[in-house]
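Listed below, chain by chain, are the residues.
There are 2 protein chains.
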Amino acid sequence: MPNVKNIFIGSPLKNESLKDEKLNVYWGLPILASDAISSVAYASEEILLVLVPAIGILAYKQLSWVALSIVMLLFLLVLSYRQTIQSYPNGGGAYIVAKDNLGVNWGISAGAALSVDYILTVAVSISSGIAAIISAFPSLLNYRIELCLLFLGLLMIGNLRGIRESAKIFSLPTYAFVIGLIIMIVYGFIKVWFLGFVPPQPSIEQLKVMEPLTLFLLLRAFSSGCTALTGIEAVSNAVPNFKEPNIKKAQKTLVLLGILVFVCFMGTALLANTYHVIPSANKTVLSMIASEIFGNSIMYYYIQITTMIILVMAANTAFSGFPMLISVMAADGYAPRQLNQRGDRLSFSNGILMLSSFAAILILIFRGDTHLLIPLYAVGVFMSFTLSQSGMLMKWLRSKNEKDRLSKILINGSGAIVTGIATIIIGWTKFIHGAWIVVVIIPAIIFLCMKIKKHYTAVALQLKRTDDELAELDIDKDKYINHVIVPIASINKASIRALRYARTISKKVTAFHVSINEEDSEKIRKRWALLNTDIKLYVRYSPYRKIIEPLLELIESEEHEYKKGDMITVVLPKFSVSSLWQNILHNHTRFFLENKLLKYKHIVVATMPLQLKVDEVAIDRYNK
Amino acid sequence: MPNVKNIFIGSPLKNESLKDEKLNVYWGLPILASDAISSVAYASEEILLVLVPAIGILAYKQLSWVALSIVMLLFLLVLSYRQTIQSYPNGGGAYIVAKDNLGVNWGISAGAALSVDYILTVAVSISSGIAAIISAFPSLLNYRIELCLLFLGLLMIGNLRGIRESAKIFSLPTYAFVIGLIIMIVYGFIKVWFLGFVPPQPSIEQLKVMEPLTLFLLLRAFSSGCTALTGIEAVSNAVPNFKEPNIKKAQKTLVLLGILVFVCFMGTALLANTYHVIPSANKTVLSMIASEIFGNSIMYYYIQITTMIILVMAANTAFSGFPMLISVMAADGYAPRQLNQRGDRLSFSNGILMLSSFAAILILIFRGDTHLLIPLYAVGVFMSFTLSQSGMLMKWLRSKNEKDRLSKILINGSGAIVTGIATIIIGWTKFIHGAWIVVVIIPAIIFLCMKIKKHYTAVALQLKRTDDELAELDIDKDKYINHVIVPIASINKASIRALRYARTISKKVTAFHVSINEEDSEKIRKRWALLNTDIKLYVRYSPYRKIIEPLLELIESEEHEYKKGDMITVVLPKFSVSSLWQNILHNHTRFFLENKLLKYKHIVVATMPLQLKVDEVAIDRYNK
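Residue numbers (my numbering), protein chains in the order written: chain W, 1 to 624; chain A, 625 to 1248.
Careful: at least some of the hints might be erroneous.
Below, in silico cross-link-like pairs of lysine-lysine (DSS-like), each with a Cα-Cα straight-line distance of 27 Å or less [to be verified]: (1) A:K1101 with W:K477; (2) W:K454 with A:K1198; (3) W:K477 with A:K1132.
Covered stretches of chain W, as calculated for chain A (at least 3 residues, CB under 8 Å) [claimed, not checked]: (4) 148-155; (5) 259-269; (6) 453-459; (7) 485-494; (8) 500-510; (9) 588-599; (10) 603-612.
If you are wondering where the hints come from, they were derived from the structure by calculation, not from laboratory data. The beta carbon of each residue, even a glycine, is placed where N, CA and C say it ideally should be.
Excised from the complex, chain W in its bound form:
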């Protein structure tokens, strides 16, 4: 078992390796930007999917306006988040910012919203990546879900291996995608503007107007396009992942990320407009644009394959963000503590496994269909944007002496208002299409976090001892007698070892045997008589099933002289065997016995390991 694990995950790393796992700008950008940049692969398509069936040919003009408004929102977010990075060099993003400035409840709300969003990032990105590859290779259509799960599994393993290695694997494809996309944008316009290429015009029938152009329709298109902005916050969450000076490096990364998203998203939106692409079921809009521009050439396949890879890598953003977010929440007691433990390779293994499981469930439920997942997406992230910006705004409002206070208030204030409005628009226009699921789940997570915190608090309160109380204690004074009971199935090496141990820890030792029949009892009594000991053996009849009940009866019987307040230690040998399959053959009774005994607060179970070695020669001799 450990060897299999090492093959996939790599051999364990020491704690000291942690500081080596940090990012510089050019490793950091591809890891943290892939989510935001990759949304180019579906954002324009989702806008067109809302507009084309409704307003036909008019959709293309509106696409440009909707894209422009989203790009403006993008710049506002970059400005806002630069300030967040400056103020929060330790990361934690919306959760920390909201908690610090708006209070714990808003912090948890932001954390819940973000964690849902991370899971959706994984599901949406992988589904969309597989859609890109199916566009190029339609024969893979029947393996959509299997391919999604395969890539999810690869990502999980990659991330369990640790951050830096991830960067090396994942950074080249991001650059490859961006370069390919820029070539396509530039050549796409050259082809129309300078080479006189006339894109095929869709038929009037395909593009007839079915509905009036309403504000609601535009807002729905805007909501769909807002998915392009998910992932912008990744940089601010991951500031401590950067090398020193991490604030500068993170800010630089954020600005570069903004520029790349702008170029790629606006470029493809204008290309879709110019080439009048109509969304279809099994081909993505991006693949149709690439096909128009590059024909069936190698460049077409280059675009499709890098699109797939960057989308799968985008899911990777969530694999760095999610485990870190919930580890911070776990450290504060709002999530199970083990989510704050690093694994062998210094990644937060439990968080990675949790993220992978939930994403797999989403992929299975929505059959790996991007269009079905999109309405769930973006509500969470815009909610966390709003809470984060509101938190920053509150911070500036409170700190009277801050430098450039007014401009900071203006930037984060407008950020908060605009993202707040966007959240409402997204939740409203997509509510019936699936956003309601998120609207239900986020409060459920908030409730769960509160309940977990309440539990940990209750435990801490119950365990607490003040300094004064400590000073009054006298640990060294015996307050009670410790009775030791050694259950024995037969008198053998293991039971003798257990009895000997029992003798060293107490003067009150009792041996206990449960017999199925009188013959059995007689045999063990005879063997016991041979032993040179004053330990008393109790034999109880209980045909082959119950052990606990007669044991508890013995404890409470008068002959045992147990007084309330005394402790009881039950010594149980545990066989240690060399291989897993041998383990199946042992320790079942011990396991059940221990579980049942530990329900009694006055019973301590002492587990005594016994190494078993299979001596093949001795067996062969014995068999003869």
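On the provided structure of chain W, position chain A as indicated by the hints.
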């Protein structure tokens, strides 16, 4: 959790209930006979499936001869097994008989063959039962596998509830099926012989001769039909399940079973001959016969539904046989010991769960298709027949003074020879159709059983202490010092309780704290100083991951004064919480620590339970 279990499984039964769970002839017959009788539902069909595509119209004549030869084999088996029941009133069937008379290796071979056969009984019977119901209700065709798994689950739950209740649930349908079948056979012949009904003649095209009639073809047909005889041995395995006098009752049951199988199997084979039924994909032969005889009347549905029920119940035979067989093998050390433990309801729960799992895997692999499963079937059971009969033969050859020795030798001798030949025929004619799987798996199981036995023997040898050795021991004399180490995360109620306990079990107590940073260490040292104790606190730096390594270093360091041969007890508190979800929040570090520590033979882990109660009022007060 316990409540859910009780709803499905029933409340626990006492050991003393065991003797009440016994069978009389008329409860025993339906339980033990359903396997053999129900094969009527597919045996004739499997013969026709071999013959009709090859020799067309000639198939019907040959069907009668093949069926007759199988019936003769049936009578020989009934005679042979009557003698087995007489000699082995404690059951165990082929495994016991072969082990006693031919040696351990042949016993295990029989056991392995039988256990494979039991699993196939479950898979084949359920698949065939669902085929019966799909014949009547074709719209269920798409839910074949789901239905198979549903009935498998119901059987599993029924059997976990215990034997007698099973009988009550399962006996009426068996009788209902037999009565329905006899009515069909009688009325089927009356309709043709007396009422002048002329069955529709299949076209020449459908029944043209494609191949010559070869001996191999007839033997293949015979092999397919031999599935009708599986389950005959069930009675001899289950003799101890009968009320006293159990030998007489079991023999009577066996004879009745033989008569019923004869009537039902021969009757349907002759009906198939008379009505010239042609096997088809989604309708069973039995359903086509019933449809010819009863039209679309209520009787047709009665036959289909009782066929389904008896087949599902037939699977139940395996649910009584398999767990008992492997419990006997487990008691002998050839299977994991826990297979010999009865559950709350006195059934061998582990065996039942094991059988259900393997049958579910077979149903999934073969998509619930009876025809694909049949070639795997019967090899195992005929191999066990052969070993059992050979064992009996050997017994009579050895016991010179046995009454009626010669007739006993003749019966079991001819039984052994005939079933041996049948085993070879089945394995040979069906090898490429799937029998090879069983031919591979049975030796694998035999190997596994040997390996398990070898392991248990090695362990027993290693643990063994002779009477002389016992007399020389002096358990009460201290041979070593027990050092106690209490790892503490902070100084609280739990750690103080652990320290106090440590004090009662040894004079050499050390407290141990792993710190992540200097600040932490300082704080715990200050709090420790407040304690009025001479227990020494060791603080070790180990940033947030490793605990084991510094602990082992401490033990081996000179300041700890540990000498080879001494024992170390590590006291670990375990939080006991009231609900399952709370359990997720605790005890993870403890779990890993315990697992790692118990790899060292000189370390005992003392687990100290600590009941936690969530005091809501106190938290609310604390939060204010």
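Right, here's what the structure says about each hint:
A hinted pair counts as satisfied when its Cα atoms are at most 27 Å apart, and K1101 (chain A) with K477 (chain W) qualifies at roughly 25 Å. Proximity of K454 (chain W) to K1198 (chain A) is assessed by CA-CA distance (about 20 Å); at most 27 Å being required, the pair is judged to hold. About 14 Å separates the Cα atoms of K477 (chain W) and K1132 (chain A), which keeps this hinted pair within 27 Å; it holds. With 0 residues carrying a beta carbon less than 8 Å from a beta carbon of chain A, the region 148-155 of chain W misses the three-residue requirement, and the given coverage is violated.
Requiring three or more residues with a Cβ within less than 8 Å of a Cβ of chain A, the coverage given for the region 259-269 of chain W is violated, as only 0 such residues are present. Residues of the region 453-459 of chain W with a Cβ under 8 Å from some Cβ of chain A number 6, which satisfies the need for three, so the listed coverage holds. Remark: the region 485-494 of chain W is confirmed as covered by chain A, as 4 of its residues place a Cβ nearer than 8 Å to a Cβ of that chain, reaching the required three. Here's how the region 500-510 of chain W fares: 6 of its residues keep a CB closer than 8 Å to some CB of chain A, so the rule of at least three is met and the hint holds.
Look at the region 588-599 of chain W against chain A: 4 of its residues bring a Cβ nearer than 8 Å to a Cβ of that chain, three or more, so the hint holds. Only when three residues or more bring their CB closer than 8 Å to a CB of chain A does the claim for the region 603-612 of chain W stand; here the count is 10, and the claim holds.
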